Amino acid sequence: MSKEKNSDTIVRFSLPSRLGHGVHAVSFVLLLLTGCALVFRGFGALIGPGGLRLFSNIHHLFGVIFTFVPVIILVFFSWKNTKRWIYDITHWNNHDVEFVKAFPKTFFGFKVETPEQGRFNGGEKINSLLQIIGCTVLIITGWIMLIGSPSQTVVGWARIIHSFTALSLGGVILAHAFLALLHPGSKESIKGMLGGRVSRDWMLTQVYFKYLPISLNFRKRNCLFSLKTDFKLFRAILR
Amino acid sequence: MYYVLPVKMDSSVLPPDCISPIHVNVLKDVVQPVSKGILGLAAAAVVGGVVLNAAKGGDKNNE
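Note that the protein sequences, when read in sequence, are chains A and B.
Per the working numbering, the very first residue in the first sequence carries number 1; after that it's consecutive.
Per the working numbering, the very first residue in the second sequence carries number 1; after that it's consecutive.
It is worth saying that the hints were derived from the structure and are not from the lab.
Given the structure is predicted, the values throughout are model-derived calculations rather than measurements.
Treat the hints with care, as some may be off.
[Unchecked claim] Calculated from the model, a selection of chain A residues having no Cβ within reach of chain B, i.e. all distances over 12 Å:
id, residue
1, His21
2, Val75
3, Ile86
4, Tyr87
5, Val100
6, Lys101
7, Arg197
[What the hints assert, rightly or not] Label-pair ranges, simulated between beta-carbon atoms:
id, chain 1, residue 1, chain 2, residue 2, range
8, B, Val30, A, Gly195, 41 to 49 Å
9, A, Phe68, B, Asp17, 42 to 50 Å
10, A, Pro49, B, Val51, 33 to 41 Å
11, B, Ile19, A, Leu129, 36 to 44 Å
12, A, Pro49, B, Pro15, 24 to 32 Å
13, B, Lys28, A, His60, 22 to 30 Å
14, B, Gly57, A, His60, 40 to 48 Å
15, B, Ile22, A, Gly195, 46 to 54 Å
16, A, Leu194, B, Ile22, 45 to 53 Å
17, A, Ile65, B, Pro16, 40 to 48 Å
18, B, Gly48, A, Gly195, 26 to 34 Å
19, A, Ile47, B, Pro16, 31 to 39 Å
[Stated by the list, open to error] On the chain A side, residues computed to face chain B include the following (Cβ under 10 Å):
id, residue
20, Thr153
21, Leu167
22, Phe178
23, Pro184
We put the CB at the ideal spot given by N, CA and C, even for glycine.
Between the sequences and the hints, there should be enough to build the whole structure, so can you do that?
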């Protein structure tokens, strides 16, 4: 415990959370690439009929993985963390809104004062919500196309919604990958998703356990603050 | 199962009053260009972000 407190790094994500994220990320990128080849003529023409058949099979295989594996991991192996994540992303405050307003400037490297955030900042909350809603739409429309429907119109509209949602989410993923891998202010976060731990100093500049429910939910052995400190902080804020 | 739409269908084999379903036209003429645009905008924003962040050298971690 004391060793943990003295460490320069702190646990950000548990192993099941990282596994769920990893499977989701890899399968989404593969599905996006193979899906583009199936939908866009220019890309499809490049790989030819054999390549299209292969891409089609890969797309369907990873469609199954994309549908079930992350859900199984998050529900059966990490339900506590998943519940906390869902709680965090569905509870917004003024600080989240202020963060989102300032986000375009920080994205392009302009220095802006952003308010303290909870475990997830406003941008991460939007990304999470878009992923949950968008992926649900992709899964439903994807299965309609794969299984088929007596009405060709239903399949046709499913294809339209699937295509639009996939490419729009592709744009979100692109920005998300930039922030996680390259952006100077947030690239530390990829360490949390790969190894589970991030720098304690970086965490302190990014995350501030201002709100009691978040503090209490994050009160684990690897937490920055003890329960006592949480209450002290909360009382100081109330004053 | 192929999803690629033909560039130009051979209309000689089709009945004279053949019309393509609305959803095919919507996919081809609206959804694909718009979604390509969204993806392109996101890519442009990322390239802009990389360039501007590099130019500003605003590495908060090194401050």
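Checked hints:
1. His21: Label holds. Min Cβ-Cβ 20 Å, cutoff 12 Å.
2. Val75: holds, 30 Å
3. Ile86: Label holds. Min Cβ-Cβ 26 Å, cutoff 12 Å.
4. Tyr87: holds, 28 Å
5. Val100: holds, 15 Å
6. Lys101: The claim holds: lysine 101 (chain A) sits with its nearest Cβ about 17 Å from chain B, beyond 12 Å.
7. Arg197: holds, 15 Å
8. B:Val30 to A:Gly195: 41 to 49 Å: holds, 44 Å
9. A:Phe68 to B:Asp17: 42 to 50 Å: holds, 45 Å
10. A:Pro49 to B:Val51: 33 to 41 Å: holds, 40 Å
11. B:Ile19 to A:Leu129: 36 to 44 Å: Taking Cβ atoms as reference, isoleucine 19 (chain B) and leucine 129 (chain A) lie about 40 Å apart, which means the hint holds.
12. A:Pro49 to B:Pro15: 24 to 32 Å: holds, 28 Å
13. B:Lys28 to A:His60: 22 to 30 Å: Holds, at about 23 Å.
14. B:Gly57 to A:His60: 40 to 48 Å: Holds - the Cβ-Cβ distance for glycine 57 (chain B) and histidine 60 (chain A), about 46 Å, lies within 40 to 48 Å.
15. B:Ile22 to A:Gly195: 46 to 54 Å: holds, 50 Å
16. A:Leu194 to B:Ile22: 45 to 53 Å: holds, 46 Å
17. A:Ile65 to B:Pro16: 40 to 48 Å: holds, 46 Å
18. B:Gly48 to A:Gly195: 26 to 34 Å: The hint (26 to 34 Å, Cβ to Cβ) holds, given that glycine 48 (chain B) and glycine 195 (chain A) are roughly 30 Å apart.
19. A:Ile47 to B:Pro16: 31 to 39 Å: The hinted range 31 to 39 Å holds for isoleucine 47 (chain A) and proline 16 (chain B), with Cβ atoms some 36 Å apart.
20. Thr153: Holds. Min distance 6 Å.
21. Leu167: Holds. Min distance 4 Å.
22. Phe178: holds, 4 Å
23. Pro184: At about 4 Å, which falls below the 10 Å cut-off, the nearest Cβ of chain B leaves the hint on proline 184 (chain A) intact, so it holds.
No hint from the list above goes unmet by this structure.
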